[in-house]
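J.: Generate coordinates for the entire structure from the input sequences, incorporating the hints supplied.
Taken in order, these protein sequences are the chains called A, B, C and D.
Residues in the first sequence are numbered consecutively from 1464, following our numbering.
Residues in the second sequence are numbered consecutively from 1464, following our numbering.
Residues in the third sequence are numbered consecutively from 1147, following our numbering.
Residues in the fourth sequence are numbered consecutively from 1147, following our numbering.
Keep in mind the hints are simulated off the structure, nothing from the lab.
Note that the Cβ used here is the ideal one computed from N, Cα and C, for glycine as well.
Hints should not be assumed to be uniformly reliable.
[To be verified] For lysine-lysine, the following DSSO-like pairs were computed, each having C-alpha atoms within a straight-line distance of at most 27 angstroms: (1) D:1260 to D:1149; (2) D:1214 to C:1260; (3) C:1214 to D:1149.
[Said to hold, decoys possible] Not close to chain D: a few residues of chain B, all C-beta gaps over 10 angstroms, as computed: (4) 1485; (5) 1491; (6) 1496; (7) 1509; (8) 1525; (9) 1526; (10) 1533.
[As the list claims (entries may be wrong)] To give an idea of the chain C side of the interface with chain A (calculated C-beta under 10 angstroms), a few residues: (11) 1160; (12) 1202; (13) 1203; (14) 1224; (15) 1228; (16) 1266.
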Amino acid sequence: MSKTIEVRYFALFRENAGVDRESVTSDAATASELFAELRDRHGSTEPLGHCKVAINDEMVGWDAPIQDGDSILLFPPVAGG
Amino acid sequence: MSKTIEVRYFALFRENAGVDRESVTSDAATASELFAELRDRHGSTEPLGHCKVAINDEMVGWDAPIQDGDSILLFPPVAGG
Amino acid sequence: MMKMVTDPIQPEELRRALIDPAAGAYAGFEGWIRNRNEGHEVLRLEYEAYEPLALKEGEKIIAEARAKYPVLHAHCVHRSGMLEIGECAVWVGVASAHRDEAFLACRYIIDQVKVRLPIWKKEHYTDGHSGWVNCERCAAHG
Amino acid sequence: MMKMVTDPIQPEELRRALIDPAAGAYAGFEGWIRNRNEGHEVLRLEYEAYEPLALKEGEKIIAEARAKYPVLHAHCVHRSGMLEIGECAVWVGVASAHRDEAFLACRYIIDQVKVRLPIWKKEHYTDGHSGWVNCERCAAHG
Chain A
1464 MSKTIEVRYF ALFRENAGVD RESVTSDAAT ASELFAELRD RHGSTEPLGH
1514 CKVAINDEMV GWDAPIQDGD SILLFPPVAG G
Chain B
1464 MSKTIEVRYF ALFRENAGVD RESVTSDAAT ASELFAELRD RHGSTEPLGH
1514 CKVAINDEMV GWDAPIQDGD SILLFPPVAG G
Chain C
1147 MMKMVTDPIQ PEELRRALID PAAGAYAGFE GWIRNRNEGH EVLRLEYEAY
1197 EPLALKEGEK IIAEARAKYP VLHAHCVHRS GMLEIGECAV WVGVASAHRD
1247 EAFLACRYII DQVKVRLPIW KKEHYTDGHS GWVNCERCAA HG
Chain D
1147 MMKMVTDPIQ PEELRRALID PAAGAYAGFE GWIRNRNEGH EVLRLEYEAY
1197 EPLALKEGEK IIAEARAKYP VLHAHCVHRS GMLEIGECAV WVGVASAHRD
1247 EAFLACRYII DQVKVRLPIW KKEHYTDGHS GWVNCERCAA HG
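T.: As structure tokens, then:
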């Protein structure tokens, strides 16, 4: 079932996508499926485990389900400090 | 052989001795012997291992030999910081 | 307490706020911008943060530290934006009765902050290139 | 560098002196006078130090820390005299490339300083009594 979601890109992912957010129509059931679907956009060849995802401003696991209207935040490997 | 040495007391030892230094004539061969000899002055019942001694401004072990003219510093248990 | 700032971090002011008559120990940590990383000469560092989640995750880390170690106060401030060599990017301060827990909580907070907060840094090198730290393999054309 | 002082310790000034373009990490420790020790309400603390040997032993400790851990700078300042609640009795600051060695060297220095420097402290309690710390069994009439 097709959903319309907002995807936000950060740091390198934003640079690769050329936008910081966009509206996406997708059949992806989980965050990891969406990540794979959008590979050309965020341009990551990094293992999924090095990246993080948040849905509606909550950090979640990659197996988290995606629902229509969600805001999905895709984080490349972090480097605080 | 009897030696004349200067003994300096610190913190509680000084309070117990009532002076911060004095000249002492002693037959003690080592620092630990001197410590035992002066027990009434420094007033310590603390195990030797909790106290420290310096000779002529060098920290030494309790078995260090004492020589005529030495300056012996008797330190009760320390508590820096 | 977790804070995100764009202005320079003021360690002295932050440290002072932790002074407490019941505290016998204070441990502090600061991450400074250094002029070299993995063989590259660094000119400056650009920090990008997603603030809403950095704050939320930072508060969670501090709460974890407090649950693990009996400390009186534990604060963390992270800066974002363009930082020059020698500037402070992150500050952690912990006050407690004894030193053991101050050191351990401080260490726990900075270790977790470095791997969990949604913060990214781009190194700008003296040779004109730049690169996202920890992200060598992220690039599509890597 | 080891220093003994009688005036108040100025942590900010001391910290600033360690800033180095090659340093990515700074770990600091401070010992503060707290209002309570082993069940007694403390009013103030009196530190006595034998300076010539405290300096010598302090330098030795710092040299040991530098030999064990690759740090850029490691300083320690200890105060003596009468100190009030909340005041800083000892300060340790370490700057290094990475955080691990900064934390470890800082911890090593304060741990050793506490047990090796010829420094004694007398606690003055709110009930008018006083006592030398770590010295319960020293007294002749104990």
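J.: Return the numbers of the hints above that this structure violates; sort them in rising order.
T.: 3, 7, 11, 15
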